[in-house]
Amino acid sequence: MLPLAPWLVWIIPLASSLLIPVMNRISDKARDYFAVVSIFVTFLFAASIIPDVYFGPAVGTDLTAPWLPIIGVTAGIVVDPLSILFANLISFLGLIIIVYSLGYMKDEEGLSRYYFFLTFFLGSMIGLVMSDNFLQMFIFWEMVGLCSSALVSFWSKRVEVVRAGTKVFLMTRIGDVSFLAAIAVLYANLGSFSFSYTMAHIGDLPLSTITTVAFLILGGALVKSAQFPLHTWLYTAMEAPTSVSALLHGATMVKAGVYLLARVFILFGPLIPLIPMWLESIAWIGALTAFIGATLAFGTPDIKGVPAYSTVSQIGFMMAAFGTASSSAALGWFAGLFHLMSHAFFQSLGFLAIGAIIHMLGTRDMRKMGGIRKLMPVTFALCIVVLFARTGVPPFASFFSKGLIVKSLLITGDLLQLIIVYGAIALTFAYTLRFTILTFLRGQSDYVKNANLHEAPKIMLIACIILAILCTVWGFVANLFASFMHVGQVVQFSEIFSIPTVIFVFVLFLGGFPVYLYYYKMDGIESTFKTKFILPLSTVAGNGFYIDKFYDRFVGGGVAKISRGVRTAEYSFFERIPTYVSHGANRFTSRVHSGFDIAISKILYFTRDRWLSKDDRSPHDVDGSLPSYLVVFLVGVLILVVMILMTIWV
Amino acid sequence: MMTMALLLILALFAAAIPISYLAERARTGLGALTLFIVATIGMFLLSTTIPEILNAANNNRYTETYYWVPEIDASFSLFVDGISFSISFIALILIALTSLYSIPYMKDRDDINPYYSLLALLSLGLLGIFITSNLLLFYFFWELILIPSYFIIGTWGGGDSYGVAFKFFIITHAGAVLVLLGIGSVFVITGSLDMFQVTAALATMQTGPIGWILIAFTIGFAVKLAVVPAHIWLPDAYSESPATMSALLGGVMTTAGAYGILRISLGVVLPALLSNPFGVQFLHTLALFGILSALFGSLVAVQENDVNRMLAYSSISHMGYVVFALSLFPNPLAIIATVLHLLNHGATKGLFFLTTGDIVKKAGTRDMNELSGVASCMPVTGTCSAISALSIGGVPPFACFISEFLIFMSAFQVAIIDSFYLIPTFLLLAANVLSLAYALRYVGNVLLGPPDTNQMNERSALVLGVVVALAVIVVILGIWPSIFTQLIALVNFQT
Chain A
0 MLPLAPWLVW IIPLASSLLI PVMNRISDKA RDYFAVVSIF VTFLFAASII
50 PDVYFGPAVG TDLTAPWLPI IGVTAGIVVD PLSILFANLI SFLGLIIIVY
100 SLGYMKDEEG LSRYYFFLTF FLGSMIGLVM SDNFLQMFIF WEMVGLCSSA
150 LVSFWSKRVE VVRAGTKVFL MTRIGDVSFL AAIAVLYANL GSFSFSYTMA
200 HIGDLPLSTI TTVAFLILGG ALVKSAQFPL HTWLYTAMEA PTSVSALLHG
250 ATMVKAGVYL LARVFILFGP LIPLIPMWLE SIAWIGALTA FIGATLAFGT
300 PDIKGVPAYS TVSQIGFMMA AFGTASSSAA LGWFAGLFHL MSHAFFQSLG
350 FLAIGAIIHM LGTRDMRKMG GIRKLMPVTF ALCIVVLFAR TGVPPFASFF
400 SKGLIVKSLL ITGDLLQLII VYGAIALTFA YTLRFTILTF LRGQSDYVKN
450 ANLHEAPKIM LIACIILAIL CTVWGFVANL FASFMHVGQV VQFSEIFSIP
500 TVIFVFVLFL GGFPVYLYYY KMDGIESTFK TKFILPLSTV AGNGFYIDKF
550 YDRFVGGGVA KISRGVRTAE YSFFERIPTY VSHGANRFTS RVHSGFDIAI
600 SKILYFTRDR WLSKDDRSPH DVDGSLPSYL VVFLVGVLIL VVMILMTIWV
Chain B
0 MMTMALLLIL ALFAAAIPIS YLAERARTGL GALTLFIVAT IGMFLLSTTI
50 PEILNAANNN RYTETYYWVP EIDASFSLFV DGISFSISFI ALILIALTSL
100 YSIPYMKDRD DINPYYSLLA LLSLGLLGIF ITSNLLLFYF FWELILIPSY
150 FIIGTWGGGD SYGVAFKFFI ITHAGAVLVL LGIGSVFVIT GSLDMFQVTA
200 ALATMQTGPI GWILIAFTIG FAVKLAVVPA HIWLPDAYSE SPATMSALLG
250 GVMTTAGAYG ILRISLGVVL PALLSNPFGV QFLHTLALFG ILSALFGSLV
300 AVQENDVNRM LAYSSISHMG YVVFALSLFP NPLAIIATVL HLLNHGATKG
350 LFFLTTGDIV KKAGTRDMNE LSGVASCMPV TGTCSAISAL SIGGVPPFAC
400 FISEFLIFMS AFQVAIIDSF YLIPTFLLLA ANVLSLAYAL RYVGNVLLGP
450 PDTNQMNERS ALVLGVVVAL AVIVVILGIW PSIFTQLIAL VNFQT
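Residue numbers (numbering that gives the first Met the number 0), protein chains in the order written: chain A, 0 to 649; chain B, 0 to 494.
Please note that a few of the clues may not be correct.
[Unchecked claim] Derived Cβ-Cβ restraints for the label pairs, each shown as a range:
no., chain 1, residue 1, chain 2, residue 2, range
1, B, Pro-449, A, Glu-454, 27 to 35 Å
2, B, Val-68, A, Gly-583, 35 to 43 Å
3, A, Gly-202, B, Thr-203, 41 to 49 Å
4, A, Met-0, B, Ala-468, 34 to 42 Å
5, B, Arg-458, A, Pro-228, 45 to 53 Å
[Claimed, not checked] Beyond 10 Å from chain A on every Cβ pair, some chain B residues (computed):
no., residue
6, Ala-14
7, Met-42
8, Glu-51
9, Phe-75
10, Asp-107
11, Gly-157
12, Tyr-161
13, Arg-365
14, Met-367
15, Asn-456
The set of hints was computed from the structure by calculation and includes no laboratory data. The structure displayed is predicted, hence computed values, not measured ones. Glycine residues also receive a C-beta, built at the ideal position from the N, C-alpha and C atoms.
From just these sequences and the hints, can you work out the full model?
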């Protein structure tokens, strides 16, 4: 381990992000290469910790510095397999993506902001996984949200992009609030934010409190990881530059939720299976999301929608795996993390490979594409790797990770979940095949012919190829990885030739064959089956089952309605209070005044009527002028009388 | 160690009243500079009291007492403890920076010679509130700030400025009358006007009209704090004032209201009632009003199109947080969180008003639908404005996040003892999401988006300097709140 590596691994990117605007002053090149170098150094530091963890104990070590003594918080980092795994993944993928950006974002405006937020994003995410207490983690958690929102709205001159960034932040904030509440309940009961203290003392709490905390944390993790039914923000985030999408999906943001749950398994330890309905909820949400996400990926006409919904679905697999784990030593826990790694590689590749296509075509609609294979052969090859790796064709990495997930589902023995997950696996192949056929195969569309398509710049391809290699070989390091995670589970490579593999391949065939028939064989052939049955269905699926529209209309619309109502109350009632009060006061004083006048005049007329005969009386005049004169007159008389009386007495 | 530090600060500001007038008449900008120097010296003088605040032997308090009106036990007694120190320090920073900012901001206004004198008078009053321990003197300063505010809003404000100033004056004065009533009753009951003696004296009584005194004080302060429904003066006052005045109003004056509740309602009067069911009911009511303000303010702010009014409602909302946090008294973490939120909100709102002031002045409109893409023509101001907006939205690593976080922590601490607080706390979490909503709406509509055709630029180095300095303070407060929390934690309420 390099000295202070666990600290520097997040401080370096955070600090260098602050220097990026300064570097921008020097030259564009200096800024770009500075960003690359700082993330490279970060990666070196992260990698240098690997041997310590691999040969060291599984238990975390804490290094701390005083920070907020008032609530007993010390800034600290935790070094254990989980945190170091994530730190390496984030810094490595960050490096790949920042190199890719050199080509992809070349002539964009506002790159200083782009690289600032990118490095800040990486720093925050690494900070999140290295934190040894909830407060520090939550701060980074929120900063990750901030950065992803800022990066999603990178092309900030377009209104809809800005709106997308806002939506991403606001929607994930709902989950953040849930996480915040969980931290608060824990702190109120334990009096500490520290992980190690929580681990030691969580058992002292009543089960009801632990259940509350566990479900609140789950809420936070599910939103951040875009699980059904709060997955819609992830598709909205597709307004981001493709490099950012790759980062968002590969290593940061959505992975934060997975990390949090994985961490909870360590923190709560033996209590996990005792929490009622918790594991079951995770497993069910995961399985359902895996399936629903896959159908959404199948239905979308958007080329970026495929990997976006694919991530939703794949994280569902990880959740389903977590749902089968009774502790951090169980197979499910390891299977989830193993799948996380393979997903990180193939999904970033899935994004980076199509980045150039979107860039050059200027559209994301796959229906307008077709036959790109000949124009971009390398990209096509990369997408074939994505097809195999995402589906889990042996011996690609996710074959092993999905195999482990299926195995752990078999152990817990919920058959329905298993069937749903198999369905999701079939659909995974189906939607990736559909994407490949629509974009690369078929005849070249007019749209593609008119566009000047050519292969992406070398630097982007190199970044992609590294990921493609990793997708291919990652499965073979499964055992190394297992011993790095200090998990006893071992993958037998001979298992490739076994019955589950046969089932697996059969399931893939079930998913893929109709797609092949429909999109490849029947392409361009009109039929009533297509117009009557498929079209309405694909409209529904293409609109994401209208879930987002539902939120917009009912949740967003509801809040808007309430706030409009409150605003109306403010302007038509509260704002007018001063007016009411002053009018009231005016009216009151004038009433008093005129009432007094009327009373006086009544008295005057009454006395006059006693003295005068009926003929001499003028009509009663109660406007106050006559009585006023009379009052003055009477007062004068009174004074005179008093003076006379005084002279008499004196 | 200075022995007359606090008196000297007040004397300097008093001296600045004529001096800044003369200086400004001699040369434009000199008046502002005078005030800036006075405020800077004030910060230095204030810092000399730190050793005394840290000294536990002296009750963690630094005191000065001078002869004033002995007939009614009114001595000119000044003190600072952790809370007073922190609030005064942030107030001095804001005063120093806004006076510098005024030079370019007020440049094209005519007849600004009296402006800095009024600002000096306002500063004198504001600081006085935070550093006196005599109730009569407190009231004296409390009323003193109304006069310069009235004239600054009236003379240099926009719209129906004197009408707005009148409304502000009358309503807050009506609140002040209740405060005076409270002070009078306290004097009649205890025969003393010194806060600390009164606290001790009241603690032995526990009966009679103490409840009424508590209510009178609290309503009086709540008007200044703009708790719904006593907020009606605030939106107009904030939106029509010049940006510098809004910054001080939003940054320091509302803080004074919260300080009043904390120091006098809760610190002096409530301890006598804490064991009483009335005290608990009072705190519960306070919590409900806090939640009402927090939700009300943020809901209106989400829909508001006028930038300044959005900020005004955001202040109402944040003061709702503060009132809610105050209702958690005497939870020690809640007290720290409250004061910290006052500091953070003060610095942030100051920054927010100063940046939007510059933007609004250059764009010539306050309508968020007309403003767009400001950050691309004014990158520095835009970034700082985004920092303040995100801080208001409760996003780390900016200031307001950490204090809101502490408020939530203390709220749950109290909630597990008193389940009444559970629902209000969850409602406050909802208000927190709404805060982010209007903050992001501001960032998205005003700062981002297609740039305006209107050529806006940032040429004044002074404006940039002030804005960047405040932004740095907002970030530092967010990352390292311990600078102040350590001092605040030393304050001991006699409960």
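Structure-based check of each hint:
1. Pro-449(B) x Glu-454(A): 27 to 35 Å: 33 Å, holds
2. Val-68(B) x Gly-583(A): 35 to 43 Å: The hint (35 to 43 Å, Cβ to Cβ) holds, given that Val-68(B) and Gly-583(A) are roughly 38 Å apart.
3. Gly-202(A) x Thr-203(B): 41 to 49 Å: 46 Å, holds
4. Met-0(A) x Ala-468(B): 34 to 42 Å: 39 Å, holds
5. Arg-458(B) x Pro-228(A): 45 to 53 Å: Check passed, 51 Å falls within 45 to 53 Å.
6. Ala-14: Consistent with the label, Ala-14(B) stays out of reach of chain A, its closest Cβ about 37 Å off (over 10 Å).
7. Met-42: Holds, because the least Cβ-Cβ distance between Met-42(B) and chain A comes to about 23 Å, which exceeds 10 Å.
8. Glu-51: 21 Å, holds
9. Phe-75: 33 Å, holds
10. Asp-107: 31 Å, holds
11. Gly-157: At roughly 17 Å from the nearest Cβ of chain A, Gly-157(B) sits farther out than 10 Å, so the non-interface label holds.
12. Tyr-161: 14 Å, holds
13. Arg-365: Check passes; 16 Å lies beyond 10 Å.
14. Met-367: For Met-367(B), whose nearest Cβ neighbour in chain A is about 13 Å away, the distance exceeds 10 Å, so it holds.
15. Asn-456: For Asn-456(B), whose nearest Cβ neighbour in chain A is about 17 Å away, the distance exceeds 10 Å, so it holds.
The structure shown violates none of the earlier numbered hints.
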